[in-house]
Structures are given as structure tokens and as C-alpha cells.
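*Asks:* Spelled out from the first residue to the last, the chains are:
Number of protein chains: 2
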Amino acid sequence: MRVKSKVWIEAGGEVIAGDGKIHLLKLIETTGSIQNAAEEMGMSYRHAWGFLKKMEKRGKIKLVETQVGGREGGGAKLTAQGRDFLQRYAAFREGLDEFIEDKFQKAFS
Amino acid sequence: MRVKSKVWIEAGGEVIAGDGKIHLLKLIETTGSIQNAAEEMGMSYRHAWGFLKKMEKRGKIKLVETQVGGREGGGAKLTAQGRDFLQRYAAFREGLDEFIEDKFQKAFS
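Chains A and B supply the protein sequences, listed in that same order. Using our numbering, you'd call the opening residue of the first sequence number 16 and step up by one each time. Using our numbering, you'd call the opening residue of the second sequence number 16 and step up by one each time.
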């Protein structure tokens, strides 16, 4: 037997982000492009764009800014708020799986 | 923003139990009947029975024993193994939501 878990953030009863969407943000930061980030996740650009817009709307934060050249041509990067969000999420996630795993092992061993 | 989480136990890549199925086991213990436990959860007897059989098969543990009178007539109770499983799950769950909530608040406040 093994333990599994899932954590995510909501606002107003709607999902803002979980590990998947956070990974998309990280990939935008490292690739400098929504298109490339989406490709790495096997997701369409349109799908990724929709995710970002929903996250921003629901969380009332601006996460990504697109640059000269338009949405697909000129690249994208995280805003300061977007980077801050990633850092906070990383701090939240840090050690969490290990804690859950450890608690499970102690109870079920 | 608020944090949400879900934890569950798997064996061989299949779900054995999460909070919902554990609640069903607790209700069988308190009501002494699969039928009554199922009703309290707004679930059919057939559905509850299927859950129990899957949990037992996947977890390779005998959780519930039915008593004289047959599956529906004579009541049901947890086996010693079933009670042990509930206790271990309770020990695992104890304080877990609070830990996740606290970690989230620290990161996002």
C-alpha cells in the first residue's frame, strides 16, 4: 500500500493552481515562451493560454506578460507577481509530500 | 485564496481508500449494517457492497463480516483487521489538514 495526495489552490470555489499549472508557469519562465512551455507539456498553445487567463482571473493576479511581437511571436515572461506566486507555491510544497509519506509510514508500518 | 487537498491509499496502482470509503467503514461500525451505512451516505447498498469488495480485494484485507441472516438481513460489523485499518487511517489523517493549511498560510500570507 502507498499513499497518494493532491493539493491545489482555489479562490471563490474555483481552482487557481495545482502542480500542473505551476509547472506550466515554470516552463514559461525557463523557455520564455508560452508556445514552447505548452509544447513541453504536450498541450496546445490555446489550452495553455486558457489556463493562464483563468488563473489570472480567478486569482486576481497578473502572472505572465507577453512581449513585442504579439501573443505567439514575441515570447512571454512571468511578471514580478508571477515569480512571487511561484516562490510562495514552492515554499508551500517544499517537504509536503515527504511529510505525508512519513505520516503514512508511521501509521501503517 | 485557500488550499485544498486530497489524500488516498493505493495498492498496485488502484485506489483502496480515501476519506469517503473510510467514512463508509465507520458508519458500518456505528450502524451495524451495510444497508444503513450506505443510506446515510446517500448511496445504494449495491454500490457500498462493491466498494467494500474492491477495498478488500485490492488491499488484500478482510474488512467487514456479515452476520447470520445474510448479506442484507443480519447486519455487518468490521473485522479486527477492519478496525485496525480504521485506527491506522485515523492516526495518518490526524492533524494532516491542519499541517497543510498552516504551511499554506505561512507561504502565502
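Quick caveat, the hints were computed from the structure, so don't treat them as lab data. A few of these clues could be false.
Heads up, the list lumps identical chains together, so a pair's fine if it works in one copy or across two of them.
[Stated by the list, open to error] List of simulated lysine to any residue pairs, SDA-like, C-alpha gap at most 20 Å:
hint, residue 1, residue 2
1, K75, K92
2, K121, Q96
3, K75, A26
4, K19, R73
5, K68, K121
6, K69, G33
7, K75, R17
8, K41, F114
9, K118, T46
10, K21, S59
11, K121, A26
*Asks:* Quick check: which numbered hints come out false for this structure?
*Replies:* 5, 8, 9, 10
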